[in-house]
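Go by the hints and put chain B with the ligands onto chain A.
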Amino acid sequence: MTDYPADAILVLLETSPTGELAKSATGLLGAAALIGTPVALAVTAPGRGDAQALAEQAAAAGAERTLVVETDAVQTQLTVPQVDALAAAAGAVAPDAVLISNSIEGRDIAGRFAARTSAPIAVDAIGVSRDDEGVVARHSVYGGAYNLESAATFGPLVVTVRQGAIESRAEARPIALETLELQASGAEATTIESVEAIEEASSRPELRGATRVVSGGRGLGSAEKFALVEELADALGAAVGASRAAVDAGYIPANHQVGQTGVSVSPQLYIALGISGAIQHKAGMQTAKNIVAVNKDPDAPIFEVADFGVVGDVFTVVPQLISALAERKR
Amino acid sequence: MKIIVLVKEVPDTYGERKLDLETGLADRAASESVLDEISERALEVALAHAGSADGVEVVLLSMAPESAAATIRKGLAMGAASAVHIADPALAGADLGLTARTLAAAIRRTGFDLVITGNLSTDGSGGVLAAMLAELLEVPNATALSSVEITADSVSGTRSTDDRAMRVSAPLPAVISITEALPDARLPNFKGIMAAKKKPFETLTAADLGIEPQDLSVASSIMTAIAEKPPRTAGVKITDEGDGGTKIAEFLIENRLA
Ligand SMILES: Cc1cc2nc3c(=O)[nH]c(=O)nc-3n(C[C@H](O)[C@H](O)[C@H](O)COP(=O)(O)OP(=O)(O)OC[C@H]3O[C@@H](n4cnc5c(N)ncnc54)[C@H](O)[C@@H]3O)c2cc1C
Ligand SMILES: Cc1cc2nc3c(=O)[nH]c(=O)nc-3n(C[C@H](O)[C@H](O)[C@H](O)COP(=O)(O)OP(=O)(O)OC[C@H]3O[C@@H](n4cnc5c(N)ncnc54)[C@H](O)[C@@H]3O)c2cc1C
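Going line by line, the protein sequences match chains A and B. Position one of the first sequence corresponds to residue 1 (my numbering), numbered consecutively onward. Position one of the second sequence corresponds to residue 1001 (my numbering), numbered consecutively onward.
Simulated from the structure, these hints should not be mistaken for lab results. Among the hints, a few may not be true.
[Claimed, not checked] Among chain B residues calculated to face chain A with C-beta under 7 Å, some are:
| no. | residue |
| --- | --- |
| 1 | A1100 |
| 2 | T1122 |
| 3 | V1128 |
| 4 | L1136 |
| 5 | N1141 |
| 6 | R1164 |
| 7 | A1170 |
| 8 | E1180 |
| 9 | D1184 |
| 10 | L1187 |
| 11 | S1221 |
| 12 | I1226 |
| 13 | A1234 |
| 14 | A1258 |
[Claimed, not checked] Keeping only pairs whose Cα atoms sit at most 20 Å apart, straight-line, the calculated SDA-like set for lysine to any residue is:
| no. | chain 1 | residue 1 | chain 2 | residue 2 |
| --- | --- | --- | --- | --- |
| 15 | A | K289 | B | R1256 |
| 16 | B | K1247 | A | A324 |
| 17 | B | K1247 | A | Q268 |
[Stated by the list, open to error] With beta-carbon atoms standing in for the labels, derived distance ranges:
| no. | chain 1 | residue 1 | chain 2 | residue 2 | range |
| --- | --- | --- | --- | --- | --- |
| 18 | A | D313 | B | A1181 | 28 to 36 Å |
| 19 | B | A1152 | A | E196 | 22 to 30 Å |
| 20 | A | S168 | B | Q1214 | 32 to 40 Å |
| 21 | A | A227 | B | K1197 | 35 to 43 Å |
| 22 | B | T1203 | A | E224 | 50 to 58 Å |
| 23 | B | A1090 | A | I198 | 40 to 48 Å |
| 24 | B | R1108 | A | G19 | 46 to 54 Å |
| 25 | B | G1051 | A | T211 | 41 to 49 Å |
| 26 | A | Q52 | B | E1250 | 46 to 54 Å |
| 27 | A | G49 | B | G1210 | 45 to 53 Å |
| 28 | A | N147 | B | E1032 | 20 to 28 Å |
| 29 | B | S1052 | A | A172 | 54 to 62 Å |
| 30 | B | T1239 | A | S203 | 32 to 40 Å |
On a predicted model such as this, the values are computed, not experimentally measured, just so you know. All residues carry an ideal CB built from backbone N, CA and C; glycine is no exception.
Isolated chain A (complex conformation):
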């Protein structure tokens, strides 16, 4: 099969450390279906039997075809194997756009691929659309203060898509798996010496794309006391976030940081506990639909963006809130 859809959108699927389709994939395929026909690409290690499973999952999430490149190099080399695979796939498919997750891995792949193929790149898109002239990417920049749209002057646009930003989902399609031979570029790569999966409390939602987020700041005072934030999050089925000060103080790992240099979230509900509301923190959360804040300083800037603010001590207000929620459940 070499006849690819004329309006093909090439989607690079990400896999988890255990080889399953990453959550970002459904959003990417959903986005691709809005602007054309999704053709998926997975790059995986051979002999693990991942290819068929990935193609099934990708088809369920809307991929018209799934191209699979199997190479041992993915386990030992950073970025380059995926870029080589993407270059081969793009050469075969001639897509109108290439969608890649805006994760750290995804950005590296997008950057090298765009540089190799001299393709323009649209970073951290929160939406995509198509007009008469082609694919358009939508961005939310400067902490959500501006919305921008960008496009390519000509040729395919490489788009990195913010994780969790796309709500649209594509309809399932029949499974169509195709293996693609890899032509290694021979580009020199960084060596992956070891990999460790980062364990997360599995029952808790992921921060990116979460509909509810409870975040804690330096006001929590210690890693032990930060457990209060997690307790409230669990009572609400929310993801756990944090300020940079809380991360720097070691209350919680850096991948929970919300803000300018952390994760940008746009949940239905954002609860800020013991967070002052520095401008760089607000940059990552002020597009939330509802913001609740608890801070003992009545002049804390977080109150300027809060829909409901309580001036008080988190250690008295939050336990009461948790009991009130438990009360209601009974």
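Just chain B with the ligands, lined up with the frame of chain A:
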């Protein structure tokens, strides 16, 4: 060993940042410009290595308007040996592709063993430049490092992403990017500020680098629309009188959030 540190001048994140609604470019008059904090941390990695090994030369490289010279000099005052400043009005509003091509040309011209960048700038927030440069320079990219060890012929470190932590290593020459998990930068002292005035500071144009900014035969990214969102306004603020938690619960239930 020659280490090139890529530093960017950005609008201060502590102030209000504005985009020009006509051009989509950063409105430089609206806010203070500063050396991006992550650039300073990148410089700190280089200076710390220069302090612990012999024969390490640290060169600053920035593509920025002429007015950024003072900001770049701060890096010299912190301890870098020299600076290369690409200042050319024709590069205003450059997209990532043009930025990467221009910086890569300057890096080649200067010569390098290691290029260090921030993982993500605070204005463009692209987070892709290190990888683009590595491809153009035909060297490995080791990005998002939260710890870095440099030897005479290799660089290695820890790379943490959302769901995994890796140990990675690359032979030199290479391009790396670092995260804010690495230490804050040193402050320039008086001696450094005085010494900075005598350090080599080269200013280049795109033409000096053989770059044609207006080359329409190369596809580029263009902004097609821009809109400012109205700022958020404050809602209700109450003082806890023993029922603050209950009041929040009521708010959540009323708004179907719990
Ligand atoms: C380039 C750059 C990027 C940055 N990126 C980020 C980012 O991504 N995310 C981020 O969060 N920050 C970021 N920052 C840092 C930011 O400027 C602030 O330093 C940080 O957000 C402060 O965190 P905080 O609110 O937890 O701490 P603080 O500002 O110290 O605030 C603690 C708050 O807790 C309150 N408090 C204390 N005890 C209690 C109690 N018992 N009950 C109730 N309230 C209490 C205090 O009144 C205070 O308001 C960045 C800074 C720079 C320069
Ligand atoms: C709000 C906004 C959105 C943008 N969106 C896009 C887009 O979607 N597509 C696009 O093609 N361009 C875009 N641009 C333009 C792009 O930001 C510039 O080309 C920029 O100079 C490089 O990108 P970055 O800052 O995002 O780089 P990043 O990849 O985030 O930067 C990482 C590191 O690279 C180094 N670095 C970056 N720029 C320079 C520089 N000029 N001089 C020296 N070192 C540097 C620094 O060490 C920095 O820490 C955007 C700009 C803005 C202000």
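Now the hints, each set against the structure:
1. Hint status for A1100 (chain B): holds, given a least beta-carbon distance of 6 Å to chain A, under 7 Å.
2. The interface hint given for T1122 (chain B) holds, since its Cβ lies 6 Å from the closest Cβ of chain A, which is under the 7 Å cut-off.
3. Satisfaction of the interface hint for V1128 (chain B) is found here, the shortest Cβ-Cβ separation to chain A being roughly 3 Å, below the 7 Å cut-off.
4. Interface hint status for L1136 (chain B): upheld, as the beta-carbon distance to the closest one in chain A is roughly 5 Å, under 7 Å.
5. Taking 7 Å as the C-beta contact cut-off toward chain A, the hint placing N1141 (chain B) at the interface holds, the least distance being around 6 Å.
6. With its C-beta approaching chain A no nearer than about 5 Å, R1164 (chain B) sits inside the 7 Å limit, and its interface hint holds.
7. A least Cβ separation of about 4 Å between A1170 (chain B) and chain A falls short of the 7 Å threshold, and the interface hint therefore holds.
8. Checking E1180 (chain B) against chain A by beta carbon gives a least distance of about 6 Å; that is within 7 Å, so the hint holds.
9. With its C-beta approaching chain A no nearer than about 10 Å, D1184 (chain B) sits outside the 7 Å limit, and its interface hint is violated.
10. At a threshold of 7 Å, the smallest CB-CB gap from L1187 (chain B) to chain A is about 18 Å, leaving the interface hint violated.
11. Given hint, S1221 (chain B) at the interface with chain A, holds; its Cβ is 4 Å from that chain's nearest Cβ, closer than 7 Å.
12. This hint holds: I1226 (chain B) has a C-beta 5 Å from the nearest C-beta of chain A, less than the 7 Å allowed.
13. Against a cut-off of 7 Å between C-beta atoms, the interface hint on A1234 (chain B) holds, since the closest Cβ of chain A lies about 5 Å away.
14. Interface hint at A1258 (chain B): satisfied, since its Cβ lies 6 Å from the closest Cβ of chain A, which is below the 7 Å cut-off.
15. Using a Cα cut-off of 20 Å, the hinted pair K289 (chain A) and R1256 (chain B) holds, with the two alpha carbons roughly 12 Å apart.
16. Simply put, K1247 (chain B) and A324 (chain A) have alpha-carbon atoms about 9 Å apart, close enough for the 20 Å limit, and the pair holds.
17. A hinted pair counts as satisfied when its Cα atoms are at most 20 Å apart, and K1247 (chain B) with Q268 (chain A) qualifies at roughly 19 Å.
18. Between D313 (chain A) and A1181 (chain B), the C-beta spacing of about 31 Å keeps the proposed range 28 to 36 Å intact.
19. The hinted window of 22 to 30 Å between A1152 (chain B) and E196 (chain A) holds, with their beta carbons roughly 28 Å apart.
20. For the hinted restraint 32 to 40 Å between S168 (chain A) and Q1214 (chain B), the CB-CB distance of approximately 37 Å keeps it satisfied.
21. Range check, A227 (chain A) to K1197 (chain B): about 53 Å between beta-carbon atoms, so the 35 to 43 Å window is missed.
22. For the hinted restraint 50 to 58 Å between T1203 (chain B) and E224 (chain A), the CB-CB distance of approximately 54 Å keeps it satisfied.
23. For the pair A1090 (chain B) and I198 (chain A), the beta carbons lie near 45 Å from each other, so the given range of 40 to 48 Å is met.
24. In this structure the supplied range 46 to 54 Å is violated for R1108 (chain B) paired with G19 (chain A), their Cβ-Cβ distance being about 39 Å.
25. The supplied range of 41 to 49 Å is met by G1051 (chain B) and T211 (chain A), whose beta-carbon atoms lie about 48 Å from each other.
26. Take Q52 (chain A) and E1250 (chain B): their Cβ atoms lie about 52 Å apart, and the range 46 to 54 Å holds.
27. G49 (chain A) and G1210 (chain B) have their C-beta atoms about 50 Å apart, which keeps the hinted 45 to 53 Å range intact.
28. Judged by the Cβ atoms, the range 20 to 28 Å given for N147 (chain A) and E1032 (chain B) holds: they are separated by roughly 24 Å.
29. The hinted window of 54 to 62 Å between S1052 (chain B) and A172 (chain A) holds, with their beta carbons roughly 57 Å apart.
30. Checked against the given bound of 32 to 40 Å, the beta carbons of T1239 (chain B) and S203 (chain A), roughly 35 Å apart, stay inside it.
In summary, the structure is inconsistent with hints 9, 10, 21, 24 from the numbered list given earlier, while agreeing with the others.
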